[in-house]
Amino acid sequence: MPAGTLQIRAISAHTGPIPGRGVQREEDVCKYIDVTTCIGCKACEVACVEWNDMPFQQTQFDNTYQTMPSTAWNYWNLIKFNEHPQDNGAFMWLMRKDQCMHCEDPGCLRACPADGAIVQYTNGIVDFQQENCIGCQYCVSGCPFDIPKFNSETKKVYKCTLCSDRVGQGLEPACIKACPTGCLKFGTKADMRALADARARQLKEQSGFANAGVYDPPSIGGTHVIYVLHDATNPERYGGLPKTPMIPPTYTAWKRVAKPIGLLLALCAAPVAFFHYVMEGPKEPQP
Amino acid sequence: MIPSSIMRSRRSPVMMSSAVDRFDDSARRHVGAYGRTVVRENELLRHPVYTRVVHWGVAIFFVLALLSGFAIYSPWLFRAVTPLFGGGAMTRLLHPWFSLGFVLAFAFQILNWLEPMTWKPDDRRWMKDIKGYVNNERPIEPDYVDFFNAGQKAYFWAIVGSAVVFLLSGLPMWFPRTFGRITVDIGYVLHDLAALVMLLGFIIHIYEGTASQPGTFRAMTRGTVERRWAWTHHPAWYRRATGRDPRADYEQARQRANRSS
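These protein sequences, in sequence, are chains A and B.
If you use our numbering, the first sequence corresponds to residues 1 to 287, in order.
If you use our numbering, the second sequence corresponds to residues 1001 to 1261, in order.
Keep in mind the hints are simulated off the structure, nothing from the lab.
Even glycine gets a Cβ: it sits at the ideal position worked out from N, Cα and C.
Careful, some of the hints might be misleading.
Derived Cβ-Cβ restraints for the label pairs, each shown as a range [to be verified]:
id	chain 1	residue 1	chain 2	residue 2	range
1	A	Met279	B	Arg1040	27 to 37 Å
2	A	Asp197	B	Gly1086	48 to 58 Å
3	A	Thr252	B	Arg1036	48 to 58 Å
4	A	Leu264	B	Val1020	35 to 45 Å
5	B	Trp1056	A	Tyr277	23 to 33 Å
6	B	Val1020	A	Glu236	27 to 37 Å
A few chain A positions that, by computed beta-carbon distances, are all more than 10 Å from chain B [stated by the list, open to error]:
id	residue
7	Gln137
8	Asp146
9	Ala178
10	Pro218
Based on the sequences and whatever the hints tell you, model everything.
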């Protein structure tokens, strides 16, 4: 992994060329999360809050181990605790570290109307640039994982950066560094995917989890955060992980194709009016 | 300052509820008291002070909302247009307030124009023959064309329709956390469609009100039009406003012009 400034691959609402694209050879990075070895210790939550200098905040106790109901604009990393009743009547405790998935095809970036408010680095990290954010919150409705969170005081949206500041300096993200069980790992996408596939095979063959598998949804081109799940056929059980995450067509077909065509057609009225005047002339009061 | 007797003569008590009528008349009276419309010889009162104030109130908010909206509409416009409003974040902040101003001002305009904008059977005839209008084929409009022609009415009702769509789809976009993500996804598309309808209509409206029809713009600024403008574009209104035959007056003026040339 290179040390230094990350190179940019995609910029939201940007019309010109993208600076840095293809300048350096850079590997796709990936965060590996094995939910089967997570013990729910929340060291990653603390590390995230500490590294990003976010204030600790009051939360509500809702009779679970979960810190708060969902991630917040200043709380980007949350272990979701779910009790799942098994067929034999016993409960199974499903713990999933919820944070930005850093989609290969990011719905937030597609939805964003502000030039440069969201960027995707060539290593796959999707990062919000708050100084360019206009606070419209389209990213909130464009995200299939409900990750971007709005701060009504600053009128900006925030989310996990995959510690782009650390990764740019050749360090692993803070949550990875804090994990005591090794259920979190960080490396290239190819390495992490191979590791996840191997772990899923192990769960299938040796631990009796017939449906074990890797969550790396192809519907959004894969993600730069992947999960190993005991039951990959039911990701919804893990605190509402969508089986087939989709970017709303509002921000794909409509925004990319229909919007510019519609604008051009409507603006055609101007040259049509001009040439009407040139060819037909004005309607003077008669006589 | 001309009292609104001409305007009142064209409204039928059957068409409009008396409450709206009363409100409208009193607004016209009160706002009219602060301004004046000078009608010279060979001119007619077209739009009284109240109508003009409401129209330009609508127009100002419309243009502000349109510009700030299209700044966010397309990446091709974002960098070019948002500086007008103090940057992207400020544009986003102001747009809903401009729009609210437009909706409120336009509500007064709907009340003001409900009666003359009502669609009549004659308007279908006009629409069927719209080609003759666009191609400038007829020197003066057909006798039945009243205060507004069918094209103006169509524009008005298109704006009414898009304004309703704008408001209903805009509120979820203004308060996305209250209304939820799905309503934003759908509202976004509807908002765009309404914007395109408005932009298209707006361009035509400006052209028709200025270059295309000399003598029209002053109706919305000074409030008056020439008599020959009235019999050319709105013969039925000319007949009601003056009690004279538009076609006869037109022919007479034409003969006079021919004799003098």
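Results for each hint:
Range check, Met279 of chain A to Arg1040 of chain B: Cβ separation about 34 Å, and the 27 to 37 Å hint holds. Taking 48 to 58 Å as the suggested C-beta distance range, the pair Asp197 of chain A and Gly1086 of chain B conforms, at roughly 52 Å. Checked against the given bound of 48 to 58 Å, the beta carbons of Thr252 of chain A and Arg1036 of chain B, roughly 56 Å apart, stay inside it. Against the hinted window of 35 to 45 Å, the Cβ-Cβ separation of Leu264 of chain A and Val1020 of chain B comes to about 40 Å, which satisfies the hint.
In this structure, Trp1056 of chain B and Tyr277 of chain A meet the distance hint of 23 to 33 Å, their C-beta atoms being roughly 24 Å apart. Judged by the Cβ atoms, the range 27 to 37 Å given for Val1020 of chain B and Glu236 of chain A is violated: they are separated by roughly 54 Å. With a minimum CB-CB distance of about 5 Å to chain B, Gln137 of chain A fails to clear the 10 Å threshold, and the non-interface call is violated. The claim that Asp146 of chain A lies off the interface is violated: its Cβ sits roughly 8 Å from the closest Cβ of chain B, which falls inside the 10 Å cut-off.
At roughly 31 Å from the closest C-beta of chain B, the C-beta of Ala178 of chain A stays outside 10 Å, upholding its exclusion from the interface. The non-interface label for Pro218 of chain A is consistent with chain B: the shortest C-beta to C-beta separation is roughly 22 Å, beyond 10 Å.
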